[in-house]
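Trainee: Read off the chains here:
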Amino acid sequence: MIPMNTVIKTIEVIGTFAFALSGIIEARKKGMDIVGVYAVAMITAFGGGTLRDFILDRHPLFWVEHYWYPVIFLALSLLGGFITKQVTEHGKAMSLVLLLDALGLGLFSATGASLAHAAGLHPFIAVLLGVTTGVFGGVLRDIICNEIPAVFQRTELYATCAFAGAWCYLAVMQATGNDVLAAIVCISVTFVLRMLAIRYKIRLPI
Amino acid sequence: MIPMNTVIKTIEVIGTFAFALSGIIEARKKGMDIVGVYAVAMITAFGGGTLRDFILDRHPLFWVEHYWYPVIFLALSLLGGFITKQVTEHGKAMSLVLLLDALGLGLFSATGASLAHAAGLHPFIAVLLGVTTGVFGGVLRDIICNEIPAVFQRTELYATCAFAGAWCYLAVMQATGNDVLAAIVCISVTFVLRMLAIRYKIRLPI
Amino acid sequence: MIPMNTVIKTIEVIGTFAFALSGIIEARKKGMDIVGVYAVAMITAFGGGTLRDFILDRHPLFWVEHYWYPVIFLALSLLGGFITKQVTEHGKAMSLVLLLDALGLGLFSATGASLAHAAGLHPFIAVLLGVTTGVFGGVLRDIICNEIPAVFQRTELYATCAFAGAWCYLAVMQATGNDVLAAIVCISVTFVLRMLAIRYKIRLPI
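Protein chains in written order, with my numbering: chain U, 17 to 222; chain G, 17 to 222; chain X, 17 to 222.
FYI, nobody ran anything at the bench for these hints, they're computed from the structure. Any given hint could be a false lead.
Remember, identical chains collapse to one label, so a pair may be satisfied in a single copy or spanning two.
Stated by the list, open to error - Straight-line C-alpha distance at most 25 Å; calculated DMTMM-like pairs for lysine to aspartate or glutamate:
1. Lys25 <-> Asp73
2. Lys101 <-> Asp117
3. Lys101 <-> Glu81
4. Lys45 <-> Glu105
5. Lys217 <-> Asp158
6. Lys45 <-> Glu172
7. Lys46 <-> Glu172
8. Lys46 <-> Glu163
9. Lys25 <-> Glu105
10. Lys46 <-> Asp158
Start from the sequences, fold in the hints, and give me the full structure.
Mentor: Structural data, given as structure tokens:
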């Protein structure tokens with residue numbers, strides 16, 4: 017069995033990159049310079065995990081320990097103009113970003129639910145922390161870009177997918193005690209729901 | 017004598033509900049869906065207390081331990097459309113919200129001042145933490161709804177009432193050592209001042 | 017040798033006042049009343065240091081221990097109308113604010129880099145924390161005033177100056193082990209770069 021820490025770390029790598037990318041694209045659209053692009057990339061990528069760690073009183077923070085993330089994101093931000101051009105001009109690139117973002121959403125929600133569950137919190141709170149970890153980076157990104165957070169608006173299901181995924185994490189964990197399996201199920205459920213929501217423009221009725 | 021913890025917990029229940037309600041109404045006005053309504057309700061209700069706990073390094077956070085709050089607020093948010101309709105159509109319902117909000121403001125300011133005082137902080141800092149606990153949820157609510165926080169604008173006295181109430185908490189505490197009495201005085205002063213400010217449209221001269 | 021704590025404390029006094037002043041002026045421009053002006057002054061002055069302390073898990077927070085800061089800032093805020101009038105009517109007063117702000121930026125970046133370095137963090141993370149400490153108060157000020165943070169926009173170099181200054185701090189620290197000298201170099205580099213950027217309207221090419 018792969019140890020839990022290894023799984024969670026791998027999960028965080030993929031999700032973090034997907035989120036940084038979405039931050040870079042949004043910041044470029046707002047006409048920010050490299051400082052703004054880098055800051056929004058960092059905040060989008062680490063905002064959810066940082067809030068999670070503040071709430072759970074976990075120290076040191078993830079990105080403080082893993083200095084190569086911020087270094088690589090600086091390089092990515094320097095390429096921000098090129099990346100954004102590719103994404104806005106090619107429909108396929110945009111689809112790839114949405115796909116990576118959906119993967120990141122599922123991955124982050126799994127880490128949030130996992131750490132909250134390991135800390136012995138009530139299942140409902142663990143699910144909320146999972147969703148918060150998944151969506152809070154994007155919320156901060158939108159606040160900085162001076163917009164009402166997209167995740168709170170009547171758009172295709174987003175937080176709802178993470179909500180369902182996080183409950184699946186806890187259910188599988190309860191049934192099997194296998195955190196790797198639980199994380200994979202959480203990510204899969206979140207990802208599939210999000211893809212269906214985009215494909216069929218599914219929104220919440222209320 | 018009722019133990020301090022019991023008093024503070026009762027105080028937090030009433031205030032928390034009043035604030036969640038104000039968050040639900042604002043989010044509905046902005047056309048958010050249930051995810052947004054729930055998030056704004058949670059942030060308005062727990063924003064002030066969470067910042068207070070981060071500043072005082074208190075863990076676990078209040079709402080992380082009391083999972084039934086977030087559960088009930090989810091139910092309340094599902095009824096958000098109905099609640100908002102009642103409030104906007106009936107003048108009395110709106111008055112009730114303002115009244116509950118004023119009560120919540122006094123209650124939260126008392127908890128903030130109380131915990132800061134118990135932590136041995138300087139009276140002025142304890143008062144600031146009281147006011148912060150009282151108003152910060154509303155500040156976050158307004159920032160998320162993409163508006164300049166109402167509490168910082170030239171409207172009827174709001175933070176000022178909490179400021180006066182928190183000083184009264186410390187004065188009564190100093191004079192009698194009775195935290196229950198101090199909390200009741202703080203809440204009463206804040207509430208009466210706020211009601212007078214609304215009734216007579218009292219604003220700060222500068 | 018002056019002990020490190022003394023130097024850092026002196027540094028924080030000057031920088032904190034410069035930042036509070038910029039918060040007061042911005043809040044007055046937005047037509048806020050004394051509550052808003054005071055809140056924005058406090059947040060601009062202490063926002064960067066508070067985030068730094070949350071990230072490094074340092075408690076109690078700086079301004080919680082030094083109660084006379086918030087007391088003096090309240091007095092300053094009461095004079096906010098007068099101060100803002102002087103600054104907007106006299107070109108020299110505006111230049112003085114920009115100069116003090118540049119000094120504050122360098123001073124805060126030095127404290128952030130210094131504390132992160134002392135905590136044994138990787139140099140790149142220490143530099144990021146330096147920049148964050150320097151600019152985050154201003155970012156919060158702009159978010160509250162409902163604007164996209166100026167530091168992320170295509171204006172004259174700001175965060176970039178702090179970035180260069182923080183690297184100089186680490187370089188001098190590495191070479192000499194003298195934290196007082198390192199702080200002075202950091203402040204000087206940040207200050208001179210910022211002044212040159214304003215004078216010659218230097219912006220980032222990307």
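Trainee: Could you run down the list of hints and mark each one as holding or not?
Mentor: Consistency of the hints with the structure:
no.	hint	verdict
1	Lys25 <-> Asp73	both (18 Å within a copy, 22 Å between copies)
2	Lys101 <-> Asp117	within (18 Å within a copy, 36 Å between copies)
3	Lys101 <-> Glu81	neither (32 Å within a copy, 46 Å between copies)
4	Lys45 <-> Glu105	within (13 Å within a copy, 36 Å between copies)
5	Lys217 <-> Asp158	within (21 Å within a copy, 29 Å between copies)
6	Lys45 <-> Glu172	both (21 Å within a copy, 20 Å between copies)
7	Lys46 <-> Glu172	both (23 Å within a copy, 17 Å between copies)
8	Lys46 <-> Glu163	both (11 Å within a copy, 12 Å between copies)
9	Lys25 <-> Glu105	neither (33 Å within a copy, 52 Å between copies)
10	Lys46 <-> Asp158	both (11 Å within a copy, 16 Å between copies)
The earlier numbered hints that this structure contradicts are 3, 9.
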